[in-house]
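Protein chains in written order, with our numbering: chain A, -10 to 44; chain H, 539 to 832.
Honestly, the hints are just simulated from the structure, not real lab data. Check the hints yourself; a few may be wrong.
Said to hold, decoys possible - Pairwise CB distance ranges (calculated):
#1 Gln605(H) to Ala33(A): 17 to 25 angstroms
#2 Gln2(A) to Gly789(H): 50 to 58 angstroms
#3 Leu30(A) to Asp743(H): 22 to 30 angstroms
All residues carry an ideal CB built from backbone N, CA and C; glycine is no exception.
Each chain, letter by letter, is given below.
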Amino acid sequence: MDTQCVSCTGTLQIPADSYQGEIVSCPGCSAELEIYSTHPLELAIAPEPEEDWGE
Amino acid sequence: MNELREGPMPLGILLSTVRYEERRLLTELERREVPAVRLDPRTMSFAPKDVEGLRGMTVLNREISSQRAALTAESLEAFGARSMNDASATRVCGNKWLTYLRLRQCGIPTPTTLLAPTPEAGLEAIAAIGYPAVIKPLSSSWGNRVSLITDQYAADAVLEHCAALPSAVARTVIVQEAVRPGSPDIRGIVVDGVCLGAITRSSSDWRNNVARGASVEQHPPSEELHRLCVRTAAAVGATIAGVDLVECEDGSYTVLEVNSRVEFQGFERATGVDVAARIVEVCTAGATEVEKPL
Chain A
-10 MDTQCVSCTG TLQIPADSYQ GEIVSCPGCS AELEIYSTHP LELAIAPEPE
40 EDWGE
Chain H
539 MNELREGPMP LGILLSTVRY EERRLLTELE RREVPAVRLD PRTMSFAPKD
589 VEGLRGMTVL NREISSQRAA LTAESLEAFG ARSMNDASAT RVCGNKWLTY
639 LRLRQCGIPT PTTLLAPTPE AGLEAIAAIG YPAVIKPLSS SWGNRVSLIT
689 DQYAADAVLE HCAALPSAVA RTVIVQEAVR PGSPDIRGIV VDGVCLGAIT
739 RSSSDWRNNV ARGASVEQHP PSEELHRLCV RTAAAVGATI AGVDLVECED
789 GSYTVLEVNS RVEFQGFERA TGVDVAARIV EVCTAGATEV EKPL
């Protein structure tokens, strides 16, 4: 699925089997993007890792 | 897989960011056609309309934020859901001092660890333990802010930086005996009282976190190691646990920490064990009650 980067407005491809919440990187500007919704496909700037993130 | 709905009780999966592990779990749920509902802790405020349908639901906790994971697990249980791991295990594993206390109470071998609520206490703790020592924040993962202290200058500098942090929780650290720093460590994964295996993690950094690029290989099967991993998971009350250990000079093992929302990408790659399938099986079949070791 082709969509537009919310950071640089370039085009990037999202695999069809992607899940909401996955993080993808824009090949054009390297922005980290969160798949905010899959139906319809919506991207958002990914949240910055926080100090309590992990396992 | 997003909204609570009528019909058979779905399995809840609590998560915000989808990493390798969550993708594997979501894929496994779909493959098995398990009715599932995604719960995003970033948007859960537990208003009356939000909690309908939670009672009796099993919720697999895969939230990436330690605070949200613990808080949401407590809330889910208060509203009648069954969190996996439960709130107590999530809280204990999310706090290295609580983990140490629980391991010690249960007779699990673990390095000498002292609490340092202030820089002065930190210096005294380091003096008591000796060099090298490790300073760790109460709650961190992926090796973040974990420092190997080899001399007084490093101790002063790290504790001074800790003291300057804006949060009282972040300023509190533990000081731990460094056991063979720079040598590989071991991760065992336990699901429902069974150790699925273990891997060795090694790195050019003294911290061997896979998230920091450590390489992994399968650890030779060891009944002693597997037994210790199972006992450790039971000690913290975890049905699903990643147990991090190191081998001591004398060949015995000591437990460094326990992860309640374990990352298993490196483990699956090195061992070929399908951890996601095992977790889904336990969540859908019901885990046996975790009993603390005597």
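Hint by hint, work out which the structure violates, then give me just those numbers in ascending order.
Hint 3 alone not satisfied by this model.
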